[in-house]
Every structure is written in structure tokens, then in C-alpha cells.
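**Q** In order, the protein sequences belong to chains A and B.
FYI, this note's numbering numbers position 363 of the first sequence as 363, with every residue one higher than the one before it.
FYI, this note's numbering numbers position 270 of the second sequence as 270, with every residue one higher than the one before it.
Please keep in mind that the hints were generated in silico from the structure rather than gathered at the bench.
Where hints are given, some of them may not hold.
[To be verified] Sample of chain A residues facing chain B (criterion: CB under 10 Å; computed from the structure):
1. I22
2. V66
3. A67
4. A123
5. M124
6. P139
7. L191
8. R259
9. S292
10. P301
Since we're looking at a predicted model, the values are computed, not measured.
Glycine included, every Cβ here is placed at the ideal spot set by N, Cα and C.
Protein chains: 2
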Amino acid sequence: MTDPLRLGIAGLGTVGTGVVRIVRQKANLLARRTGRAIEISAVSARSRTKDRGVSLSGYAWEDDPVALATRDDIDVFVELMGGSEGPARAATEAALDAGKDVVTANKALLALHGQELAERAEAMGHVIRFEAAVAGGIPVVKALTEGLAGNEISRVMGVMNGTCNYILTRMEETGQGYNALFEECAQLGYLEADPNLDVGGIDAGHKLALLAAIAFGTRVSFGAVELEGIQQISLDDIHHAADLGFRIKLLGVAQMTGRGLEQRMSPCLVPADSPLGQLQGGTNMVVLEGDSVGQIVLRGPGAGSGPTASAVMSDVIEIARGTRLTTFGQPAAGLIHPTPARATAPAPYYLRLRLSDKPGALAKVAAVLGEAGISIDRMRQTRHDEITAPVLVVTHKTSRDALDRALEAFPATGVVVDEPIAIRIESI
Amino acid sequence: MTDPLRLGIAGLGTVGTGVVRIVRQKANLLARRTGRAIEISAVSARSRTKDRGVSLSGYAWEDDPVALATRDDIDVFVELMGGSEGPARAATEAALDAGKDVVTANKALLALHGQELAERAEAMGHVIRFEAAVAGGIPVVKALTEGLAGNEISRVMGVMNGTCNYILTRMEETGQGYNALFEECAQLGYLEADPNLDVGGIDAGHKLALLAAIAFGTRVSFGAVELEGIQQISLDDIHHAADLGFRIKLLGVAQMTGRGLEQRMSPCLVPADSPLGQLQGGTNMVVLEGDSVGQIVLRGPGAGSGPTASAVMSDVIEIARGTRLTTFGQPAAGLIHPTPARATAPAPYYLRLRLSDKPGALAKVAAVLGEAGISIDRMRQTRHDEITAPVLVVTHKTSRDALDRALEAFPATGVVVDEPIAIRIESI
């Protein structure tokens, strides 16, 4: 047995306490699996007195995470505070400068500063591992970095925000609208402090950007992710999609094309009987496609104390075993600047428009689509009130440019009320 | 950059040529991801002259895999010959004795001799890695050894023989019987040289035993796997199962209980709309359950040149990166001897019996079940010929002992023709 591996844990929320629990309760198992003891030397959190249901006896306490990160008696700084700036960033930088390895669940920090942090760590021979930052308990960072490392990755897809998937699933199940379910999530504590991180697709976009960096050997470029949240999705859309054999998911897709790196996180229609379509509630799913392996699908809990702590511990165990991997699967200094490319591959689209109930309105919409070169697979006008009529269109495969031309032309018809909704139909 | 990692590859079938192709075509990618060049020094196979569609120029040739395994110019012996004895075993042992690391796709070798080989390797500081031996391209060995290493694993389940799943899927799709599809598989080259390895569940049983060793920290005990193949499954069973909302899968389950280690590989009914139920053709699925993470599901191609070569390369890359893991996730010398336990947890069962068409026959069957303490959920007699009548029973949850009592009592009724079929219904 070598010396114990000593952890300093900053952040004792649901994930932090989960990690403490595993370290306390599984000492023998961890020692057998790593060949050394794993210990907690010190912890830090906002409130020292809060009852977290887990004993902190024997651990030094630091009010300041930076002080924690630089203590002589820790080998690994475990950052579970969250936030791309402020204490999380300061403490992570301080830990690296003080010669510590870092394990983090902080997707925002890495999505925005991962390149700089990885270079800093690697220049000094330290490691940053972040399994818990993407898709909770699913070991997808390791699957991509290690399991599929012999592949040229062609595409990474995933449903990676449990809260959005919960809202969309419950809309269909309960017939409640988006706003009611948003409120329910707020009350259940499912939402980030800034809810837009969840429902705006930002949190999921962070995760996608991290996976894309590993998959394609590119610098993390969260800024280039085309982001669209689920706030526009109505109960009508959910029901119409179901009638057509689809479900709506907040789906991330990253792929390298001849034009550059496409990254998008947006609502999509997926076949209801596909693995993605069947994903319920807070469960996450990631689809990895490589030239040798074909398609691998990983499914599991995307959040929660146990699953996320499991992911944190997998990184701690990796370090305890002496495995020292680069942050993004190859040296950060060699990651290329990706050319951002708009996701333009032709796809069928679902369109919902609200037309003023005038003679010829439908014909005008059809004419706009025809002029844009978009051919219609199915079109129907549904129940309408006295003033407007909802119209649904499912197009045949169409280019993004053609779709945009049509969307721009609709207002000039004078019959389209409100902003039309266009949702890509993803065939998986 | 450190020195190149030099491979010696024994076996140039579909997997071996896949590995050669990746090493030749992805030199830059592999070097970026590992920090060193990966090269092939020498190869060995049965026929030197066979055209394999891939260039072997620049590689030394050995007729004898043992000679290959001990060459001075290789660091890693890549064993892709297969077979638990003979050249594969001899060459693997020779490689370890000569100071080489070993990467193997050989589940039979490890299922039967894994303990001895792992101890031998670890005593000398060498590694044996076997990602390709289980579930083809799915990185499940790494998921269990690394990704879920912070968990007490409670259960491992999986559909891990593509040929069996292909036969069962095609029976439902085409209405062809088992024998016809067995012949089709033989002609398509989907069967092992000894087909019983596939259809008898042995190959899948090997894989299950390997996962169980990692999951539970126990010595590989393939001999204790309760094995049942798919040869008894009739088209009737497939159709009846479908009518009841189920599909039949050759399912492996390993779990640690208070009584010991349960391992079984047998046909089961699973809900048709569950992820396992929806698994088509040669695709594999592994379900891993841990106390912290909950349930993780991995799906992907279970065989084939590209997927299996992808798994082999993940091990090669791991070694090239300097990661040195124990074979089964903890030192082999410390793995415990598991107490084999029969899988006795109560479950509902599907029973198919053929009764002689006499008055009172059905009553006699019902009486046997009642006396065994088995309560009936559904029972029906289906279309019958002039002499016998097929009867289907779905039981409520019943213990394995009760089921066995009933199966033993049926012959004495004088009305049960043929051996009854009993298939466990697995709720997943």
C-alpha cells in the first residue's frame, strides 16, 4: 500500500455529501480497488453548522475554498461548488498552482475556462478530471476518452438535462402546460439558481461542448453551440408530435463536417419508439458514433446525489490508481481551434403556425413553402378559435437555408399570427 | 514522445484485420491520444498467404504464436485467436513469462483460466486487459472497472450473444422456426466452430462470469453459471410471449445475495417495450446496477470486425498511455472464492405444456400447480391437433423450489406429453 490519497472537498450540497458518504462507508472497497486508502482531509462549504445528515468529524474545516485548495494535507481538490466564476474558479486555479490534482463536477467552469485550466494543469503535470460534469452517473467522459479512443468520432448526441426532460415528459403525461411544470420544478428544487441554465439549454450546451472537445480534439467552444431552450414548446406541440409518432426532446448534437464543427442544443422531434424517444423524466442518454464501433448508447441517471457522487468517485479512484490522463483525451495545448459551422444538414421539420382565419390563408402559407423549395409531407389545420387557426406542417427533408427563407417570408403574407415554431425532426 | 508501443498480433481473422486497419490508418490520431506511436512489429495466423484485404507489409511473420509472443521487439501481445486451450493459452502464458502485457478478446480463455493468468501477470507487474472479450464494442469492462468503481455493485444483467439474439429476433420477424434460423446463421458465418458455444449460452456465460468477477470482487467462476440455451424455444413460445406483451431474450443475470453469488444465463421473457425487449439482431445490452449510481444501461454492437477491434484498441491505448490496471479491478490474489448460489428469487414464470387431449387433463395440471403452491395469473389452451393440446400458463410470482416441485410432479399426472418448458419472466 502506498500513502493514502487525501481529498479536500469544496461544496457540501447534495453531491458533496454523497461523496463524503461513499468515502466514509466504502473505505475497504475503495482500498481494495485502488491499492491505497482514500481519505478526506478537509472540507469547505457556505454553512458550517447546517445538518447534512452525514458526519464531518475528523475533517478540517475551511471557510475559504481557496484556503482549502492549497492546504498541504490534500492531494486532490474536489470542486463541487459550481459556477463558472468566483470561488469555484479561484479555488481551482489555486489548487493547480499549489500542485494539486482536480476533480470537478463543474460543467460551466470547464465549458468556459476548460482550455486555460487544462493547459495550466498539464504544463505542471497535474490532472483535471470531470466525469461528474456530464450526464451525472453515466460514465460517458471515460467512454469517450478511453473506451472509444481508437475511433474517429463522427457524432455525439444526447439528452443531458434531466429537468428539461422531466418537463417535456410530464407535459405529455399530465396534460399540464410548460408554465405549470416549470413551477413544479421550481418547487421540487429541480432548477438551477438561474433557471435559464436548465430550460434555456445552457447547462446541456455546456455538457455537449465538453464532449465535443474530447470527441473531435478541438478546444471547448461553448460559444459556438447553437442554443435553443424549451420555453417555446406548447402542449399543442407535445400532442401533435405524439399524434405523428414522435416525442419532443431537448437534444444535443455535435458533429465534425467538412465545413467545421456543428454543435446544437435544441428541441427536436424523435421517433416515440426510439431509445431517445422513450427516455422518461430525469434520465439522460448519450449516443456516441465512431467509425469502427458504430453506435454506442449509454443511459442512466443524469443527476442526483448518488449518481453524481459515483461519477466524482470514479475520477478520484482513477487518480488513486495512478492513472494520469489529459483533461480532454489529448494534450490541451494541441487541441485545434474548431471552425464553427451552422448545422445545415437537410432534415424534415415540424412547423406550427397560427393563421388568421381568412379565406386563402392556408394557400398563402403553402405558397411560401413552395417558393422556398420546401415540399410538404403532411399539413393540417386543427381545431381553431374564432380568430386564428393553428396549422401544422411536416416537411420533407429540407435545407436549413430553405427553412430560414420560408420563416422570413411568412410575415409578409399578412396571415401568419405570432412567431412560427419550427422543430427539427431527427432520425436516429 | 516516449518510445513506440510495439504490438505482436496473433490471429488475423475479422478482429485481427480490424486492429491492423486501425493501427495503419489512424497513426496520427493514436499518437495524439496516447503521446506515443503505436506500431505492429509482428503478426501470426494460420495462413500466411490468405488475402485479408489489409497490408501486412513491414510486419515480421511468425507461424508459431508462442514465438510471436516472446519476441524481443514486442511490448504487448494481442491475442485474437480464441479457444480456452491450445495455442491461445500457451502463447498468453509465454507472453507473460517473457515480460509482455497482454490484450485479449478471448472470453473462453479468461473464463476458465483468468484467475491463474491474472495472478501470474500481476506477480510480475504485467497487465492483462480484455475489453473486447465482453459485449464487443461496448466499453463495459471499463465502465465496471473504472466508471462505477465507487459503487457496491448489486446486479449485472445483459444480452451478450448476438447470434442468439439474432435468431430470437428473426423468429418473431419472419415466422421461421429455430432450426431454419440456426441454418441461416451457420451459412452467414454467425456461429462459432462449436455452435453450442452460441446457442447453448456458453459464450454469453463466459462473458457474464468475467463481469461478475469485476463486479463482486470474486474469482471468475464460470463453472457455477446456471446455463440454459435457446434450443428449446419454439415459434409458439415466441408468439405466445408476444401476445402477452413480452419478448424472449437469452439474458444473463449475476447478483450477490446473502446466500452467495447467483449467476445464470438463460432464456427469459422481458417486457416487449423495455430496452432489453427492444434489442434487435446482433446488438448487445448490458445493465449495471450499483448502490450509488442506480442503473446504467449500455447498448451497442456485440460483435463484428470494427466494434471488436475498437475494444481491442481501447486496451492498447490504455497501455500506451501508461495506465496499468489489475485484470479484474483489484489484485487477483485477493479475489474471494464465491459461494455459488442457485438463483431462487421468486419470479413469475411462463410455462408451456403439451397435454394429451383427454377429459380432465387441464384440471390435473392446475391441481399440480396448486399443490406446489403456485398461483396462476393466466392459463389458456390454444389450438390443438387431434392428439395433444398445448397449454400455456403464466404464474404469479413463485419460488424456484415450488416451480421445480411442479415440474417434477407433471409426469405422474399421465397427461403431460413431452418435457414442459418453463421460462422466467424478468421484470426490468
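**Q** Compare the structure with each hint and give your call.
**A** Quick rundown of the hints versus the structure:
{"no.": "1", "hint": "I22", "result": "holds, 5 Å"}
{"no.": "2", "hint": "V66", "result": "violated, 27 Å"}
{"no.": "3", "hint": "A67", "result": "violated, 27 Å"}
{"no.": "4", "hint": "A123", "result": "violated, 15 Å"}
{"no.": "5", "hint": "M124", "result": "violated, 16 Å"}
{"no.": "6", "hint": "P139", "result": "holds, 3 Å"}
{"no.": "7", "hint": "L191", "result": "violated, 22 Å"}
{"no.": "8", "hint": "R259", "result": "violated, 21 Å"}
{"no.": "9", "hint": "S292", "result": "holds, 4 Å"}
{"no.": "10", "hint": "P301", "result": "holds, 5 Å"}
Of the numbered hints listed earlier, those contradicted by the structure are 2, 3, 4, 5, 7 and 8.
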